[in-house]
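**Q** Those protein sequences? They're chains E and F, same order as listed.
Under numbering that gives the first Met the number 0, the very last position in the first sequence is 219; numbers go up by exactly one each time.
Under numbering that gives the first Met the number 0, the very last position in the second sequence is 103; numbers go up by exactly one each time.
Quick caveat, the hints were computed from the structure, so don't treat them as lab data.
You may find that some hints are simply not true.
[Claimed, not checked] Distance ranges between label pairs, derived from CB positions:
#1 F:24 <-> E:23: 18 to 24 angstroms
#2 F:65 <-> E:95: 24 to 30 angstroms
#3 F:33 <-> E:122: 48 to 54 angstroms
#4 E:214 <-> F:65: 43 to 49 angstroms
#5 F:55 <-> E:35: 32 to 38 angstroms
#6 E:23 <-> F:82: 44 to 50 angstroms
[What the hints assert, rightly or not] Coverage of chain F stretches by chain E, computed from C-beta distances (three or more under 8 angstroms per stretch; other residues unrestricted):
#7 12-23
#8 43-56
#9 67-73
[As the list claims (entries may be wrong)] Here are some, though not all, of the chain E residues that point toward chain F, as calculated from beta-carbon distances under 7 angstroms:
#10 28
#11 29
#12 39
#13 41
#14 45
#15 48
#16 51
#17 133
#18 137
#19 141
Where a beta carbon is used, it is the ideal one built from N, C-alpha and C, also for glycine.
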Amino acid sequence: MTFVRRAASTVSERVVRWASPGCKEWAEGFAREIEFIDSDWRALAWAIGGTRVLLKRRSDVRPKEKQGTGFVLLPVWALDVAMGTLFGLQAVFMKSWQERVGYVVVALGWEYFATVSLKQWQKERNEPVFPDAMVRRMHLRAVLEQRLERYSTWRRWSSPVVTVAMGCGFVLAIKDISQGLNLGVVAFTAVAIWLQCLDSPAKIQLRLNRMNELIAESGR
Amino acid sequence: MERKMRRSPQTLLVLAEFLQCEQEWRYGYDISRNTGLKSGTLYPILMRLAEHQMLETSWETAVEGRPPRHMYKLTRDGLRYARINAVAETKSAMGLPALGEVGA
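This is chain E alone, in the form it adopts within the complex:
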């Protein structure tokens, strides 16, 4: 078994272990699929995706389960804000300038991702429901066009740049960083950037063309 495949199995096992009783069966079903995925890297991507299922599920079910107790699980943007604040406070208590700068950069990075998550969260909450298929397709086309447009502006690079900056911030912040941890930070940054670059203008254009075909077909 390769290292990547082993990592995929480990992650999926954790997902099963951490799944709440209501999601256990789903988590097990999801984890079993790993064995049927040929590519090791795809298996790892599948396993990592499962962690998102758990987070999403927990935020979906917890408020209902704990109704009346006043407990509400925070959305991702709030967690990002909290992380940013935590790192920001850490910067205040640091003695050396190097560490302070590192923590400030990491804190600003978290705040940036908090803003992105907050916008996404608001967008999902206000997502309109279209009863007519044609109108829905037109709306989806507008969304795709908007997404494609972003690739031609500097905003296309904002998330990867912030991720790299956060990686550098971590290296600066942890003063006596060991070689292993350094490599860990680099690997983590690389994976985060790779995930951000999965979508490309060519792929979006392809979907846009398909959507235009569908709209043309419906108009006939």
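With chain E's structure known, arrange chain F on it following the hints.
**A** The following block gives chain F in isolation, referenced to the frame of chain E:
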């Protein structure tokens, strides 16, 4: 109060995929491969469908040397809902970036 089922483009993709072979049990990875949806997007949709009694689940009978797999099939209500809402042609027309919108 009963929660309303969200008709996101991704949910419609999944429903359209189930409509391809209505009576057959489907595996999670196969649905993901055919729709292009990542596991993190697909499973919440499947779970939501099951919550609304639109999807039934079952475990495959174990075969020696092969772990049993979780299988999914639309219920009668699910099929009705899918036929009304899922536009099969929207398949592969949409997709979402892995970490949200670029510089949203």
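**Q** Using C-beta distances, would you say chain E covers the region 12-23 of chain F, given that this needs three or more residues below 8 angstroms?
**A** Violated: only 0 residues of the region 12-23 of chain F have a Cβ under 8 angstroms from chain E.
**Q** Under the criterion of a CB-CB separation shorter than 7 angstroms, is residue 133 of chain E in contact with chain F as hinted?
**A** For residue 133 of chain E, the interface hint is violated, since the closest Cβ of chain F sits about 10 angstroms away, which is over 7 angstroms.
**Q** Measuring from beta carbon to beta carbon, are residue 65 of chain F and residue 95 of chain E in 24 to 30 angstroms?
**A** Cβ of residue 65 of chain F to Cβ of residue 95 of chain E: about 57 angstroms, so the range 24 to 30 angstroms is violated.
**Q** When the nearest CB of chain F is found for residue 39 of chain E, is that gap smaller than 7 angstroms?
**A** Interface hint status for residue 39 of chain E: violated (14 angstroms vs cutoff 7 angstroms).
**Q** Interface hint check: residue 51 of chain E, Cβ to nearest Cβ on chain F, cutoff 7 angstroms. Holds or violated?
**A** With a minimum Cβ separation of about 3 angstroms from chain F (threshold 7 angstroms), the hint on residue 51 of chain E holds.
**Q** Holds or violated: the hint that residue 48 of chain E contacts chain F, with Cβ atoms closer than 7 angstroms.
**A** holds (3 angstroms)
**Q** Examine the region 43-56 of chain F for residues whose CB is less than 8 angstroms from any CB of chain E, and state whether their number is three or more.
**A** holds (count 4)
**Q** Counting residues of the region 67-73 of chain F that have a beta-carbon nearer than 8 angstroms to any beta-carbon of chain E, does the count reach 3?
**A** Coverage by chain E holds here, the residue count being 3 at a Cβ distance below 8 angstroms.
**Q** Min Cβ distance, residue 41 of chain E to chain F: is it shorter than 7 angstroms?
**A** Result: violated, 9 angstroms to nearest chain F Cβ.
**Q** Double-check residue 45 of chain E for me: the hint is only fine if its C-beta lies closer than 7 angstroms to a C-beta in chain F.
**A** holds (5 angstroms)
**Q** Identify whether the interface hint at residue 137 of chain E stands, where standing means a beta carbon of chain F within less than 7 angstroms of its own.
**A** violated (12 angstroms)
**Q** Is it true that residue 33 of chain F and residue 122 of chain E lie within 48 to 54 angstroms of each other by Cβ?
**A** violated (27 angstroms)
Checked against the numbered hints given earlier, the structure breaks hints 2, 3, 5, 6, 7, 12, 13, 17, 18 and 19 and satisfies all the rest.
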